[in-house]
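Student: Chains as they are written, first to last, in the working numbering: chain A, 39 to 114; chain B, 7 to 700.
Rather than coming from a laboratory, the hints here were simulated on the basis of the structure. A couple of the hints might just be wrong.
[What the hints assert, rightly or not] Some chain B residues near chain A, calculated using beta-carbon distances under 7 Å:
id: 1; residue: 111
id: 2; residue: 266
id: 3; residue: 397
[Stated by the list, open to error] Quick look at which bits of chain A chain B covers, simulated, 3 or more residues with Cβ under 8 Å:
id: 4; stretch: 52 to 63
id: 5; stretch: 77 to 89
id: 6; stretch: 100 to 113
[Unchecked claim] Restricting the straight-line Cα-Cα distance to at most 25 Å, the calculated cross-link-like pairs of lysine-lysine (PhoX-like) are:
id: 7; chain 1: B; residue 1: 671; chain 2: B; residue 2: 52
id: 8; chain 1: B; residue 1: 515; chain 2: B; residue 2: 168
id: 9; chain 1: B; residue 1: 141; chain 2: B; residue 2: 168
id: 10; chain 1: B; residue 1: 41; chain 2: B; residue 2: 52
id: 11; chain 1: B; residue 1: 53; chain 2: B; residue 2: 66
id: 12; chain 1: B; residue 1: 170; chain 2: B; residue 2: 142
id: 13; chain 1: A; residue 1: 93; chain 2: B; residue 2: 430
id: 14; chain 1: B; residue 1: 430; chain 2: B; residue 2: 53
id: 15; chain 1: B; residue 1: 142; chain 2: A; residue 2: 93
id: 16; chain 1: B; residue 1: 430; chain 2: A; residue 2: 71
id: 17; chain 1: B; residue 1: 515; chain 2: B; residue 2: 142
id: 18; chain 1: B; residue 1: 236; chain 2: B; residue 2: 247
id: 19; chain 1: B; residue 1: 210; chain 2: B; residue 2: 247
id: 20; chain 1: B; residue 1: 246; chain 2: B; residue 2: 210
id: 21; chain 1: B; residue 1: 175; chain 2: B; residue 2: 41
id: 22; chain 1: A; residue 1: 93; chain 2: B; residue 2: 515
id: 23; chain 1: B; residue 1: 260; chain 2: A; residue 2: 53
id: 24; chain 1: B; residue 1: 531; chain 2: B; residue 2: 41
id: 25; chain 1: B; residue 1: 531; chain 2: B; residue 2: 52
id: 26; chain 1: B; residue 1: 293; chain 2: B; residue 2: 142
id: 27; chain 1: A; residue 1: 93; chain 2: B; residue 2: 293
id: 28; chain 1: B; residue 1: 53; chain 2: B; residue 2: 175
id: 29; chain 1: B; residue 1: 66; chain 2: B; residue 2: 52
id: 30; chain 1: A; residue 1: 71; chain 2: B; residue 2: 279
id: 31; chain 1: B; residue 1: 141; chain 2: A; residue 2: 93
id: 32; chain 1: B; residue 1: 493; chain 2: B; residue 2: 671
id: 33; chain 1: B; residue 1: 260; chain 2: B; residue 2: 247
id: 34; chain 1: B; residue 1: 170; chain 2: B; residue 2: 66
id: 35; chain 1: A; residue 1: 42; chain 2: B; residue 2: 293
id: 36; chain 1: A; residue 1: 93; chain 2: B; residue 2: 279
id: 37; chain 1: A; residue 1: 71; chain 2: B; residue 2: 260
id: 38; chain 1: A; residue 1: 93; chain 2: B; residue 2: 260
id: 39; chain 1: A; residue 1: 42; chain 2: B; residue 2: 430
id: 40; chain 1: B; residue 1: 168; chain 2: B; residue 2: 142
We put the CB at the ideal spot given by N, CA and C, even for glycine.
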Amino acid sequence: MTLKQAHRVGSYQIKGFYPTTSQQLRLMELGFKNGERLAILQRAPWGGPIKIMIKQSRFAICQEDAACIPVEPLPV
Amino acid sequence: MFMRADLQPHAIAIAGNPNSGKSAFFNLLTGSQQKIANFPGVTVEKKEGFLQDSDDRSIKVIDLPGTYSLDAASPDEIIAQQILLGLRDDTERPETILVIVDSTHLERSLFLISQLMEFGLKVVLCLNMYDIAEKKGIVFDLSLLSRLLHMPVVPTVAIEGKGKQEVAKILANTSQLEPSRRPFRMSAEIEQLRREIADDLVQKLLVPEREADFWAGKIISGRLQSLQGKTVEMLTAAAKKWQPKIEQLCPPNKIATQEIEQRYRWIEEICQKIIIQGGSSRSLSDKIDRIVLHRLFGPVIFIAVMTLIFQAVFSWAEPLMDLIDSSMGLISTAVVYLLPASVLRDLLVEGVIGGVGSVIIFMPQIMILFFFIGLLEASGYLARAAFLVDRLMVRSGLTGKSFIPLLSSFACAIPGIMATRTIKNERDRLTTIMVAPLMTCSARLPVYALLIGAFVPAQIVYGLRLQGVVLFGLYLLGMVGAVVAAKVFRQTLLKGERSTLILELPDYKRPQLRHTLRYLWTRTKLFLFRAGKIILAMSIVMWFLASFPKNQEQSIEHSYAGQIGHVIEPVIAPLGFDWKIGVGLLASFAAREVFVATMGTLYNIEDADETSISLQQALKQDRNEQSGQLLFNLPMVLALLVFFVFAMQCMSTVAIMRRESNSWKWPLLAIVYTYVLAYGLAWVTYQVTDWLVV
Chain A
39 MTLKQAHRVG SYQIKGFYPT TSQQLRLMEL GFKNGERLAI LQRAPWGGPI KIMIKQSRFA
99 ICQEDAACIP VEPLPV
Chain B
7 MFMRADLQPH AIAIAGNPNS GKSAFFNLLT GSQQKIANFP GVTVEKKEGF LQDSDDRSIK
67 VIDLPGTYSL DAASPDEIIA QQILLGLRDD TERPETILVI VDSTHLERSL FLISQLMEFG
127 LKVVLCLNMY DIAEKKGIVF DLSLLSRLLH MPVVPTVAIE GKGKQEVAKI LANTSQLEPS
187 RRPFRMSAEI EQLRREIADD LVQKLLVPER EADFWAGKII SGRLQSLQGK TVEMLTAAAK
247 KWQPKIEQLC PPNKIATQEI EQRYRWIEEI CQKIIIQGGS SRSLSDKIDR IVLHRLFGPV
307 IFIAVMTLIF QAVFSWAEPL MDLIDSSMGL ISTAVVYLLP ASVLRDLLVE GVIGGVGSVI
367 IFMPQIMILF FFIGLLEASG YLARAAFLVD RLMVRSGLTG KSFIPLLSSF ACAIPGIMAT
427 RTIKNERDRL TTIMVAPLMT CSARLPVYAL LIGAFVPAQI VYGLRLQGVV LFGLYLLGMV
487 GAVVAAKVFR QTLLKGERST LILELPDYKR PQLRHTLRYL WTRTKLFLFR AGKIILAMSI
547 VMWFLASFPK NQEQSIEHSY AGQIGHVIEP VIAPLGFDWK IGVGLLASFA AREVFVATMG
607 TLYNIEDADE TSISLQQALK QDRNEQSGQL LFNLPMVLAL LVFFVFAMQC MSTVAIMRRE
667 SNSWKWPLLA IVYTYVLAYG LAWVTYQVTD WLVV
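Please build the complete structure, drawing on both the sequences and the hints.
Tutor: Take a look at the structure:
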């Protein structure tokens, strides 16, 4: 599944992210890379951005970007 | 010949991620000795200052734009690289880089550090906000970190001034520092090719040896062109012959990806060694966010905050505006008293004091808005606001970051346009600047009040005040116009990659009053001194048009402005306007509210303002000179109101657009498009209501 489809608040691991656009390269520079762990903390109302934690930093990431990041849920 | 600026031992650059306390550190080092301008051709802010060392020598401090990376080729990242490489004529080339890092986010910051180390410059690392890291229980091995990175590491707390002495001491003795080197390695094949290219650059193009590796890396990862300039063109030409070899190794995007992975591998190694204790990942900010970003409470808090700000803008500003108004009156009286009647006196009183006064009067509103925007930014709420409204803004092709600038434009487009500096995407930023003047600013209110007061009946329809409904309708019309215009801009002139939102939600912080006031002061200064010149020039032009040629009756009808009014009458007649409205529109090109005073002059009513009953009566009774019908009939009044909704009649906005977009192209385009919209929609309004009423 992708980060966009991940509805449950909790921990995930990025699996097989390969950037093709410059925006995706930028995500990778911020730490969104293959094998990295992240946590979904909150979702904005009305299909807005997602608040996630990656490497101790909190980011708001919009659904369009979230849709290009493949993730797998980690066991609680 | 490979030409570049020489290294300046007495210049240092400050680099760092956004929210790392970089500005606070810059302020700490340079005190009040700062110069803020824009880099020519782009809207990236250029901040320079001086640090006095113990021997009383001046060290130049250049504040680089705050970035997470230097490679993604956004305007601020390109400029940062150009400065560090000595590719800019307007900035000295620093020999030393001071990196400011948020200690609680060292791991993320090491990415930027890994890039800065490649430049072969001397690097000094400040672990800022060290107190917060300690409180969170994070423990570092600082001496090991310093040894691994080959650079001095200083724990600092910029807002309390802690660490300044130590940093200043290091910066005074940079000759003892060693130049840094690229900290990571790529695969053997890529390294081999990189060395070949580097050797070739040294031999054929006389690139200095310690820089050759950096340029070779740029060539391999295909990230050379964005740097621009003659030197880069030369390197690009030289790089062509390597292209087949590079592609044989790996597709270009893959090399960039591998490079990022290698950097992170190095970062993880460093962190494993030097972070003795990781500290807790739970934060108070997350708890606050659970309420502030809550599905239900989030929007409620947001609306409450915005309402509070707007209440403050209007209610706090009013006494100050009255004060400015009466001081301007006093100054005029004094000038009239001191100088003999002359053209010079008229110029001073009517042109300079009157014209500039009509802009200065809005300074309290502008400054209060700046103050609140500064507070929101410093506290960390601005990012949350963008988070909450992103979905709404996406519909117009923008992101949540455009919301605060557009909302501010309801008070005044000037702070709104200046607040667009927080928008990193250049197209989004320009789009926001272009549509900001469509938001109903407070300068339109006197005009609306005059016309609605005089011509919209004070009736209550379905329990609603008709006058209030019309006023609300005008606000709504402006908003809809802005949304549609933004969409059109994003799909035509400012077409580009669909903008997405990725922004850091920094920890909440208690804003430092000193920093907020400094922010307020720099913004205000920028507006007064930069826009002020254009405003003054245009005030004088408008005064000249309205007062010359001199005639016996001293009437505005025979002035150049009156003549222009008559000339444009056929053009505006389809909207139901006559030459007097033409003069009013001409005069209000400088500032909208001038329309009211101009109508007062035209109808010979002393001290007219929007509540003046006699002016309202005069307008009601005026008849069209040709047809003999009432001039201000309902279709014409509605057309006039619609005209004011769309037309960008504000020279301060023109001036600030020029400054913030760094070209005349955008303000001129804004004038054209808003006037075309204003004319077209006023015409439709006039024709439709005329047809309906008859």
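Student: Output the indices of the hints that this structure fails to meet, ascending.
Tutor: Those not satisfied: there are none.
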